[in-house]
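Its first residue numbered 4, the sequence shown is counted upward by one per residue in the numbering used here.
Don't read these hints as lab results, they were simulated from the structure. Some clues are possibly wrong.
To be verified - Taking lysine to aspartate or glutamate and the EDC-like style, the derived pairs with C-alpha atoms no more than 20 Å apart in a straight line are:
#	residue 1	residue 2
1	K113	E127
2	K113	E25
3	K113	D14
4	K113	D13
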Amino acid sequence: MTMQVRPANDDERREVAALWAERWGSPRMVTRGRVHEPMGLPMLVALDADERIAGALTYDVRDGEMEAVTVDAFIGRIGAGRALIEAAAAEARGVDRARLVFDPGFDLGKTPAQSIEVLLRLRELSVLGGPLLAAVSRKDFVGALTGMAPAARDA
Numbered sequence: 004m005t006m007q008v009r010p011a012n013d014d015e016r017r018e019v020a021a022l023w024a025e026r027w028g029s030p031r032m033v034t035r036g037r038v039h040e041p042m043g044l045p046m047l048v049a050l051d052a053d054e055r056i057a058g059a060l061t062y063d064v065r066d067g068e069m070e071a072v073t074v075d076a077f078i079g080r081i082g083a084g085r086a087l088i089e090a091a092a093a094e095a096r097g098v099d100r101a102r103l104v105f106d107p108g109f110d111l112g113k114t115p116a117q118s119i120e121v122l123l124r125l126r127e128l129s130v131l132g133g134p135l136l137a138a139v140s141r142k143d144f145v146g147a148l149t150g151m152a153p154a155a156r157d158a
């Protein structure tokens with residue numbers, strides 16, 4: 004499938020904001036102990052062949068480090084997430100590659116089922132050529148995998 008990735012224009016940013024409000028219920032994102040306002044960050048959008056927004060990625064650059072703050076595929080299984088991450092990696096070429104760490108964001112704005120899908124598809128992120136950070140919630144994620152309540156999992 005043909006996928007175009009580019010910086011979001013104002014109309015696309017508004018459309019993504021509406022999609023996030025529907026999915027997340029909040030305009031804020033917390034990563035690595037920092038609160039982000041994703042709409043105030045640089046944003047890339049992936050457009051499908053019909054020029055519909057298939058996905059969006061926001062990122063923050065501080066002290067020479069680039070962090071992908073949000074990655075959302077609004078149309079599943081067409082490669083939007085992968086295309087966005089590859090484009091962000093290309094965008095980060097000015098950032099010291101040794102300082103890049105990619106976090107697919109388990110549990111952040113995702114259902115446990117969506118986090119499991121990300122886990123099953125981690126191999127696709129190997130194209131980035133950098134380390135992956137995989138931090139999952141013991142309470143939600145492990146519970147979804149095992150079907151057991153937290154008290155039943157405690158050793």
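The hints, checked one at a time:
Proximity of K113 to E127 is assessed by CA-CA distance (about 18 Å); at most 20 Å being required, the pair is judged to hold. The suggested pairing of K113 with E25 holds, with an alpha-carbon distance near 12 Å, which does not exceed 20 Å. Restraint check for K113 and D14: the C-alpha separation of about 25 Å exceeds 20 Å, so the hint is violated. The suggested pairing of K113 with D13 is violated, with an alpha-carbon distance near 25 Å, which exceeds 20 Å.
Hint check: violations occur at hints 3, 4; the rest are consistent with the structure.
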